[in-house]
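Peer 1: Keeping their order, the protein sequence lines are chains A and B. For the first sequence, the working numbering assigns the number 60 to the initial residue and increments by one for each residue that follows. For the second sequence, the working numbering assigns the number 12 to the initial residue and increments by one for each residue that follows.
Hints listed in this document are in silico derivations from the structure and should not be mistaken for laboratory results. Treat the hints with care, since some could be wrong.
[Unchecked claim] Only pairs whose alpha carbons sit at most 20 Å apart, straight line, appear in this in silico SDA-like list of lysine to any residue:
#	chain 1	residue 1	chain 2	residue 2
1	B	Lys16	A	Asp173
2	A	Lys201	B	Gly64
3	A	Lys162	A	Gly172
4	B	Lys47	A	Asn163
5	A	Lys104	B	Gly62
6	B	Lys16	A	Arg80
7	A	Lys201	B	Arg39
8	B	Lys16	A	Leu148
9	A	Lys162	B	Arg39
10	A	Lys158	A	Leu148
11	A	Lys158	B	Lys16
12	A	Lys158	A	Lys201
13	B	Lys16	A	Lys104
14	A	Lys201	B	Lys16
15	B	Lys16	A	Val202
Since we're looking at a predicted model, the values are computed, not measured.
Take a look at the letters that make up each chain.
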Amino acid sequence: MSGSEGARVSPAEEPPPQETRREAIAFVVAAASWLVPGLGHALLKMWGRAVICFLTVGVLVWVGAGMRGNLFNSRGNDAFDSLGYLADLGTGGFYWVAKSLEKNGPDVSRADGDYGTRFLATAGVFNLLAALHAYEVARGRKV
Amino acid sequence: MIAVKLSHFQALVVFALVISIAFGFLGRRRPIDRVKYALWTLLLFLLIGVGIGWAMYPFSH
Numbered sequence: 060m061s062g063s064e065g066a067r068v069s070p071a072e073e074p075p076p077q078e079t080r081r082e083a084i085a086f087v088v089a090a091a092s093w094l095v096p097g098l099g100h101a102l103l104k105m106w107g108r109a110v111i112c113f114l115t116v117g118v119l120v121w122v123g124a125g126m127r128g129n130l131f132n133s134r135g136n137d138a139f140d141s142l143g144y145l146a147d148l149g150t151g152g153f154y155w156v157a158k159s160l161e162k163n164g165p166d167v168s169r170a171d172g173d174y175g176t177r178f179l180a181t182a183g184v185f186n187l188l189a190a191l192h193a194y195e196v197a198r199g200r201k202v
Numbered sequence: 012m013i014a015v016k017l018s019h020f021q022a023l024v025v026f027a028l029v030i031s032i033a034f035g036f037l038g039r040r041r042p043i044d045r046v047k048y049a050l051w052t053l054l055l056f057l058l059i060g061v062g063i064g065w066a067m068y069p070f071s072h
């Protein structure tokens, strides 16, 4: 066997161009879904799911901010702060909405504020779950 | 910004309701399946939430 034959890549190893394109579209859908909750599903023409994702994240953020929950930032002191920040970032654009809603800052000295923190974190984690769902649908693995 | 004042139970109900509806829509396709799944999830959220509340009750006294 010559050297040039050995370097040749078998066609079976390369993903077909259609598959590569689908993967790229799925990635864009997931990113859109993260940035604006429900946008990924809207791009896939799943209107019901798009509206529900947007409303769910919106309501959780609104209630969480209204209860003066803690919105974590990147300057966390420990692992829990960093995890909280990751969860809050999951809301995408709603992170800044929550920030603008909480004009008086968080107040976790009461149970309300503590619950608000959980509402905000849940909104982020739910949005990440929805983005993953949109990604899987775009890849054709889910319906 | 409107301050949201909820009791512990109201917060549990709002949370359970919103998440159950979202799970129903994401997890199922047919409308009837979505309703069934959302109701089932809501029931479990409430039962488990209240159950855990009662399980912790002796430790608060």
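Peer 1: Between A/Lys158 and A/Leu148, does the CA-CA distance stay at or below 20 Å?
Peer 2: holds (11 Å)
Peer 1: Does A/Val202 sit within 20 Å of B/Lys16, going by the straight-line distance between their CA atoms?
Peer 2: violated (39 Å)
Peer 1: Is the straight-line distance between the alpha-carbon of B/Lys16 and that of A/Arg80 20 Å or less?
Peer 2: Violated, at roughly 48 Å.
Peer 1: Does the structure keep A/Lys201 and B/Arg39 at a Cα separation of 20 Å or less?
Peer 2: The given pair, whose Cα atoms are some 11 Å apart, holds under the 20 Å limit.
Peer 1: Has the given pair, A/Lys162 with A/Gly172, been kept, meaning a C-alpha gap of at most 20 Å?
Peer 2: holds (14 Å)
Peer 1: Is the straight-line distance between the alpha-carbon of A/Lys162 and that of B/Arg39 20 Å or less?
Peer 2: violated (38 Å)
Peer 1: What's the verdict on B/Lys16 and A/Lys104, does the C-alpha distance respect the 20 Å limit or exceed it?
Peer 2: Outside the cut-off at roughly 37 Å; violated.
Peer 1: Do the alpha carbons of A/Lys158 and B/Lys16 lie within 20 Å of each other, as the hint requires?
Peer 2: holds (19 Å)
Peer 1: When you check the alpha-carbon spacing of A/Lys201 and B/Lys16, does it fall within 20 Å?
Peer 2: violated (39 Å)
Peer 1: Take the C-alpha atoms of B/Lys16 and A/Asp173, compute the straight-line distance between them, and say whether it is at most 20 Å.
Peer 2: Between B/Lys16 and A/Asp173 the Cα gap is close to 13 Å, so the pair holds against 20 Å.
Peer 1: When you check the alpha-carbon spacing of A/Lys201 and B/Gly64, does it fall within 20 Å?
Peer 2: Cα-Cα ~37 Å, so violated.
Peer 1: Take the C-alpha atoms of A/Lys104 and B/Gly62, compute the straight-line distance between them, and say whether it is at most 20 Å.
Peer 2: Distance ~40 Å between A/Lys104 and B/Gly62 Cα, so the pair is violated.
Hints 2, 4, 5, 6, 8, 9, 12, 13, 14, 15 from the list above are not met by this structure, while the remaining hints are.
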